[in-house]
Amino acid sequence: MAEQQQPLPKVVLVGNPNVGKSVLFNVLTGAYTTVSNYPGTSVEVSRGQCEIAGTDYEILDTPGMYSIMPITEEERVARQILLQETPHAVLHVIDARNIERMLPMTLQLIEAGLPIILVVNILDEAKRLGMEIDLQKLQKNLGVPVIGTVMKRRQGLPELQQAISEYASVPHKTFTYGSDLERDVTRLATVIKGDYRFSKRATSLLLMQKDEDVEQLIVTGENTENLELLQTLVRDVIFERRADLHLQISMERKKICKQMLDGVVQQTELSEKEPFAELLSRWTVNPWSGVPILLLVVYFGLYKFVGGFGAGTLVDLLEGNIFEEYINPPVINFVQQHVSAEWLFELLVGEYGLWTLGIRYAVALVLPIVGTFFLMFSLLEDTGYFPRLALLVDRVFKKIGLSGRAVIPMVLGFGCDTMATMVTRTLETVRERIIATILLALAIPCSAQLGVILGLLSGVPGALAVWLLAMILVFLLVGLLAAKVMPGEHPIFYMELPPMRLPQLRNVLVKTLSRMQSYFMEILPLFLFASFILWSLKMLNVLEGLIGALSPVVRAIGLPVEATSAFVFGFFRRDFGAAGLYDLQTNGLLTPAQLTVAAVTLTLFVPCIAQFLMMKKERGLRVSVSIFVFVSLLAFSCGWVLNKILLTTGLLA
Amino acid sequence: MNCGLCGKEIPADLGPGDGKSPCGSCRGGCRKIHCPYCGYANPAPGKFLRKMLQKNNEEKTDE
Ligand SMILES: Nc1nc2c(ncn2[C@@H]2O[C@H](COP(=O)(O)OP(=O)(O)OP(=O)(O)O)[C@@H](O)[C@H]2O)c(=O)[nH]1
Ligand SMILES: [Zn+2]
Ligand SMILES: [Zn+2]
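Chains as they are written, first to last, in this note's numbering: chain A, 1 to 653; chain B, 1 to 63.
Excised from the complex, chain A in its bound form (with noise of 0.2 Å):
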């Protein structure tokens, strides 16, 4: 195969994941395939060959991708095969179910100027639910041939090859953007004189997006003084406009792909199911009926699940029945037999020990309650109910003027090095870097640790709500402070909702069990860690002394002096803290009122050692322990404000 003369002509493959782009590839290439990595990468990319009316093509299958602006790795790659290449056709294959979210790239690749053919596949499925296509129509109006296929059955292949065989290039149409667009791709489509294998006005828009490779191309595509030039001016349309320029782009070819498929999808009478799916879809984005279904979601998913059973029932039974009446008295027994050291016996199962603090906590009071709240979890999140939430909190947080961005991330509980990493690639100045990393460490990145302190709170009425409202609060707070800090609507925030579906058993389980076996990876060795440093500090009588000196700001904020013990916990982790609370709580040492205080303070405290680690490698030590001061001061002002309040209004009391 290698010896081939003359290069064949090419056929290119390109389309979303999962679209049949590799049940196409077999269909049309039959044995005649190599993978191979694509040079210089690590990314496999099949090769075939094939005959069409007398002529042999080399088949390429590329690496699904989104976008013509790449992100990952794959896509990178799919996107350099269509820089380098000269194909003959490219065939973009796409899903007819998701016609109207994957045109927007036909789009991209006509303007780039490649031989499209669009390959519509999976037409069985998309009639099965009720859509009729008028490819002819889409045909007209895009400009580039449109097959439709089921290539699961050959279906269409025919057509396709003669497609293919007849190819002819034609001057694409142009679709035409705002007229403000148009101006800065004219302006800067006038400036290129290089020979790019993408047109001109593709190669700009790209531009205009500050994409790498094409930066890459036009620096060897330019003559010298030609570049300079270009350089500038992109400079300049980029800074006009540098904080809506993708969403304008995105928002302008979905308009144009609505024209492009007006009167060209039919939806005749769907099955039962979709247009429910639609319907909730709808109502759960919508402020009026969103924030309903989000408290019906708090209440049943949080209070009553979570709360009631994974920390009522499921606790009561681990911790008050089995651990207490059949595996501590024999584990302590066996201790007290074959130790006879105080330390040794201390440090196992003493008032810090081992078993005491460690095991205990970990498996009998954190273990239930977070597995039933990553259970709750997977579940909303196996429906797709969460990019629907964040772009609800996205719009109750415009509608009264506050940056939901800010917010989203905290809602859904991303990881903390998430955020980090968001912060700095979207923030410009450090004044704002420091400003949003407080707002960070303030609000709750974790939600396996609010899941405890959740859990722990479902148990007294009143106390959740107060806590709930706390954290609104907070919330609110954090979205005027970053509208204040980060003026001006940045896109970060915008999405395609995938389709809210019913929650596959299998998926939850898989996705519950892997949450519950990394956070377990995770706390256990910690939790034990944490135990050994108390009983060191114990042993060697420190401990006393910081509790005796926290103890004033314990008592300061209402509570009593056993509480200060589950604030020490609280530094090495929330959730930690939050287990010694709930000790408290069980063993009748906490008024409903204190708890919640309590729980409000340890909420707005530092994360845990693993966030200031971060923050410290992100930010400086310097700055991370001023933070790390702002932040507990705040917790406990927040503290024993509420603790004022609740003092004074009798609630709870």
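Any given hint could turn out to be false.
[Said to hold, decoys possible] Quick partial rundown of chain A residues pointing at chain B, CB under 8 Å, derived from the structure: (1) Pro17; (2) Gly64; (3) Pro70; (4) Ile71; (5) Thr72; (6) Arg76; (7) Pro387.
[To be verified] If you only want the chain A side, here are some residues facing chain B, beta carbon under 8 Å, derived: (8) Asn18; (9) Glu381; (10) Gly384; (11) Pro498.
Source of the hints: derived by calculation from the structure; they are not laboratory data.
The structure presented is a predicted model; accordingly, all values stated were derived computationally and were not measured.
Using N, Cα and C, we set each Cβ at its ideal position, and we do this for glycine too.
Use these hints to put chain B with the ligands onto chain A, whose structure you have.
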């Protein structure tokens, strides 16, 4: 695997701890798969669970 937030497919070779994790800032072996499109931290199933998930997907596509 599809991202739990944006629903896009996460390339199969992205995984925890194999050096290809797109997560740049977690130390000590991040056990999450961060979606390259939206940043959402998806849970990273272990070997056994991953197999289960794959079987699930196969069944789905075979029907
Ligand atoms: N119902 C139906 N299913 C199809 C059709 N064509 C492909 N499929 C199925 O769609 C799924 C995805 O097909 P692939 O060929 O693996 O998709 P791909 O685009 O190569 O996906 P990546 O390899 O992830 O880029 C497979 O399960 C196919 O069986 C079709 O015409 N109708
Ligand atoms: Zn995602
Ligand atoms: Zn990570």
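Status of the hints after comparison with the structure:
1. For Pro17 (chain A), the shortest C-beta to C-beta distance to chain B is roughly 4 Å, which falls under 8 Å, so the interface hint holds.
2. Interface hint at Gly64 (chain A): satisfied, since its Cβ lies 7 Å from the closest Cβ of chain B, which is below the 8 Å cut-off.
3. The closest approach between the C-beta of Pro70 (chain A) and any C-beta of chain B is roughly 10 Å, which is over the 8 Å cut-off, so the hint fails.
4. This hint holds: Ile71 (chain A) has a C-beta 5 Å from the nearest C-beta of chain B, less than the 8 Å allowed.
5. Nearest Cβ of chain B to the Cβ of Thr72 (chain A): about 5 Å, under the 8 Å cut. The hint holds.
6. The beta carbon of Arg76 (chain A) comes no nearer than 11 Å to any beta carbon in chain B, farther than 8 Å, and the hint placing it at the interface is violated.
7. Taken as an interface hint, Pro387 (chain A) checks out: its beta carbon lies about 6 Å from the nearest beta carbon of chain B, inside 8 Å.
8. Interface hint at Asn18 (chain A): satisfied, since its Cβ lies 6 Å from the closest Cβ of chain B, which is below the 8 Å cut-off.
9. Checking Glu381 (chain A) against chain B by beta carbon gives a least distance of about 4 Å; that is within 8 Å, so the hint holds.
10. At its closest, the beta carbon of Gly384 (chain A) sits 7 Å from a beta carbon of chain B; the interface hint therefore holds under the 8 Å criterion.
11. Hint status for Pro498 (chain A) relative to chain B: holds, with the closest Cβ pair at about 3 Å, below 8 Å.
Checked against the numbered hints listed earlier, the structure breaks hints 3 and 6; every other hint is satisfied.
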